Amino acid sequence: MDDHACIAFLQWALPKLHMRWAGFRKVRQQVCKRIGRRLRTLQITDIAAYRAYLERHREEWKILDGMCRVTVSRFFRDRGVFSCLQSLVLPELVHRMDASGETMLRIWSAGCAAGEEAYSLTILWQLGVTHQMLAARSAIEIIATDSDERLLERAAGACYAYSSIKATPEDWRRQAFVENDGEFCLRPRFRQGVTFMCQDVRQETPAGIFDLILCRNLVFTYFDDAAQRQILARLERALCPEGLLIVGIHESLPKGCEGFTGWRPRLGIYRRQSKHDRD
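Residue 1 is where the sequence shown starts when you use this note's numbering, and the numbers rise one by one after that.
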């Protein structure tokens, strides 16, 4: 399919899905390839005919929405963020738990893909030197959600190509993974405490309140302003007062939004304001 034709199509279709073209500009080839395969499956000759097909078959929009999910994930993506989690974020949250008498730290990984982010957190929790003594006194629960069932199946299998795990510190990589037929499979102890759920962040939220939410390189890259604000309100309700939200390092929260203050904004880390702070 011609690149210019695909661009024009995406610029027409994405707003109807509450997505924004700017987020897809650099990754459009992945989406265009998927659309090309879909055209061949439907035996549609060109993108103009597919546009007409969408107009006649409203159910096709759901399939197109699925084709627009761009997944680029790996273990310890953005090492600066994980360094901050190790040295500052997790210790602070654990100290707060100790002060309140809580023993379970709850984390939500939204848009978890094949589990790389969630499992990076369990590796960090168990092997992070700075945090090691703190972790011994507390338990961790990670709810990891994604709307792509195929990715969640891969997450449950917990086996990855080397390219997915190469950013993991070498010593941790040796402790956390075992090589099997060219793949690197996470040892069972690092899978404990992680629950995967098929949910669309635009429509659903895991039950309960979380101390930390990671929603990186998804909502604030690909969705339009209205969708971002709706989802941000949902994230805010799911966070405890003064809980932390981490977005992508190249993302920012919608302008003029209330409820969050920058804690380490250069790393995409925001703190939920308490009601007292707002007053």
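Think of the hints as simulated: they come from the structure by calculation, not from any bench.
Errors might be hidden in some of the hints.
Pair ranges (Cβ atoms, derived) [claimed, not checked]:
(1) Glu141 <-> Arg202: 21 to 27 Å
(2) Trp12 <-> Cys257: 25 to 31 Å
(3) Glu183 <-> Arg264: 30 to 36 Å
(4) Arg191 <-> Gly66: 24 to 30 Å
(5) Glu183 <-> Thr103: 44 to 50 Å
(6) Gln30 <-> Ala167: 32 to 38 Å
Straight line, CA to CA, 25 Å or less: simulated BS3-like cross-link-like pairs of lysine-lysine [stated by the list, open to error]:
(7) Lys255 <-> Lys16
(8) Lys26 <-> Lys16
(9) Lys62 <-> Lys26
(10) Lys33 <-> Lys255
(11) Lys62 <-> Lys16
(12) Lys255 <-> Lys26
(13) Lys62 <-> Lys33
(14) Lys33 <-> Lys16
Keep in mind that this is a model prediction, so the values were computed, not measured.
Each residue gets a CB set at the ideal place from its N, CA and C atoms; glycine is no exception.
Hints versus structure:
1. One distance hint, 21 to 27 Å for the beta-carbon pair Glu141 and Arg202, holds here, with the actual separation near 23 Å.
2. Remark: the range hint 25 to 31 Å for Trp12 to Cys257 is upheld by a beta-carbon distance near 28 Å.
3. Between Glu183 and Arg264 the beta carbons are some 34 Å apart, a value that agrees with the proposed interval 30 to 36 Å.
4. A hinted range of 24 to 30 Å for the beta carbons of Arg191 and Gly66 is consistent with their spacing of about 27 Å.
5. A hinted range of 44 to 50 Å for the beta carbons of Glu183 and Thr103 is inconsistent with their spacing of about 35 Å.
6. Distance hint check: the CB atoms of Gln30 and Ala167 are about 21 Å apart, inconsistent with the given range 32 to 38 Å.
7. In summary, the hint linking Lys255 to Lys16 is supported, as the alpha carbons are separated by about 22 Å, within the 25 Å threshold.
8. Between Lys26 and Lys16, the direct Cα distance comes to roughly 20 Å. Compliance with the 25 Å bound is thereby established for this hinted pair.
9. Restraint check: the Cα-Cα separation between Lys62 and Lys26 comes to about 23 Å, which is no more than 25 Å; the hinted pair holds.
10. Of the supplied pair hints, the one linking Lys33 and Lys255 is violated, its CA atoms being roughly 33 Å apart against a limit of 25 Å.
11. Between Lys62 and Lys16 the CA atoms are separated by roughly 11 Å; this keeps the pair inside 25 Å, and the hint holds.
12. Among the hinted pairs, Lys255 with Lys26 is consistent with the structure: their alpha-carbon atoms are about 23 Å apart, no more than 25 Å.
13. With a CA separation close to 17 Å, the supplied pair Lys62 and Lys33 stays within the 25 Å bound.
14. Of the supplied pair hints, the one linking Lys33 and Lys16 holds, its CA atoms being roughly 20 Å apart against a limit of 25 Å.
When held up to the earlier numbered hints, the structure conflicts with 5, 6, 10 and fits the remainder.
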